[in-house]
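Just so you know, the sequence shown maps onto residues 148 to 348 in the working numbering.
Each hint should be verified, as a subset may be incorrect.
[What the hints assert, rightly or not] Beta-carbon label-pair distances, calculated as ranges: (1) ALA300 x ARG322: 23 to 29 Å; (2) THR278 x LYS165: 44 to 50 Å; (3) THR278 x GLY215: 16 to 22 Å.
[Unchecked claim] Here are the simulated SDA-like cross-link-like pairs (lysine to any residue), alpha carbons at most 25 Å apart as the crow flies: (4) LYS165 x ARG294; (5) LYS342 x ALA232; (6) LYS254 x ARG201; (7) LYS254 x ARG294; (8) LYS342 x PHE233; (9) LYS254 x LEU222; (10) LYS165 x ASP283; (11) LYS254 x ALA196; (12) LYS254 x PHE233; (13) LYS254 x ASP283; (14) LYS165 x LYS342; (15) LYS342 x ARG294; (16) LYS165 x TRP341.
Calculated from the structure, these hints are not laboratory results.
Glycine residues also receive a C-beta, built at the ideal position from the N, C-alpha and C atoms.
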Amino acid sequence: MPEVDEQTPAVSAPSPVKRSARILLIAAVLALALLATVAALALQIHFEAGDRERLHRALEHAHQVLAGVDDTAALAAMPTRMAAAFDHQRALAARVQNSLGQPLYEKRPETILPPALLTRPALALPAPLVTWRVGDVYWRGSALIMRMPLEGATPLTVAMALPVERDLNFLQRLRLVLIAYVLLASLGLTALAWKLVFGKA
Numbered sequence: 148m149p150e151v152d153e154q155t156p157a158v159s160a161p162s163p164v165k166r167s168a169r170i171l172l173i174a175a176v177l178a179l180a181l182l183a184t185v186a187a188l189a190l191q192i193h194f195e196a197g198d199r200e201r202l203h204r205a206l207e208h209a210h211q212v213l214a215g216v217d218d219t220a221a222l223a224a225m226p227t228r229m230a231a232a233f234d235h236q237r238a239l240a241a242r243v244q245n246s247l248g249q250p251l252y253e254k255r256p257e258t259i260l261p262p263a264l265l266t267r268p269a270l271a272l273p274a275p276l277v278t279w280r281v282g283d284v285y286w287r288g289s290a291l292i293m294r295m296p297l298e299g300a301t302p303l304t305v306a307m308a309l310p311v312e313r314d315l316n317f318l319q320r321l322r323l324v325l326i327a328y329v330l331l332a333s334l335g336l337t338a339l340a341w342k343l344v345f346g347k348a
């Protein structure tokens, strides 16, 4: 019987144009994802910087009040002076406590300042930020060790906090919008690449 030559069909390699299109598509999607990540991160840093500035101003104000406590009469009047300095700031939570953890002045105790804030206060500014949640409200605060000029007085822990749930909710919504934007843009770029290159015979 005559031999029949069986020829295996050759598999054509992707054309350089298609390979370039794939690379450009992947690069564009990665660039969009990176841009979205950087935008969300930059806004988060902006919010944290604003909170840090407000908290540091409040801590510096508290330090000025405590700097005037140089006798027992001034010590007795200290809570009143603290209230005069901070009670008009409705959003701000504040606590001044002694070395035993007993509050000498407290504003908005419902914030329940966490041990991570009160047991590890900074020795000097800038003080680190601590974020926590109480119920549906997120808080961000800083704490600092302060001394009074009163002879024999022990160091005090001064903590300040601000509600930040609006900022965090905004960031969460922004992240969802950016994720949707990247996904839709990726689908659009894929469809465009398919129409221009991959759909060609």
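*Hint numbers the structure violates, sorted upward?*
The structure conflicts with hints 1, 3, 4, 5, 8, 10 and 15, although it agrees with all the remaining ones.
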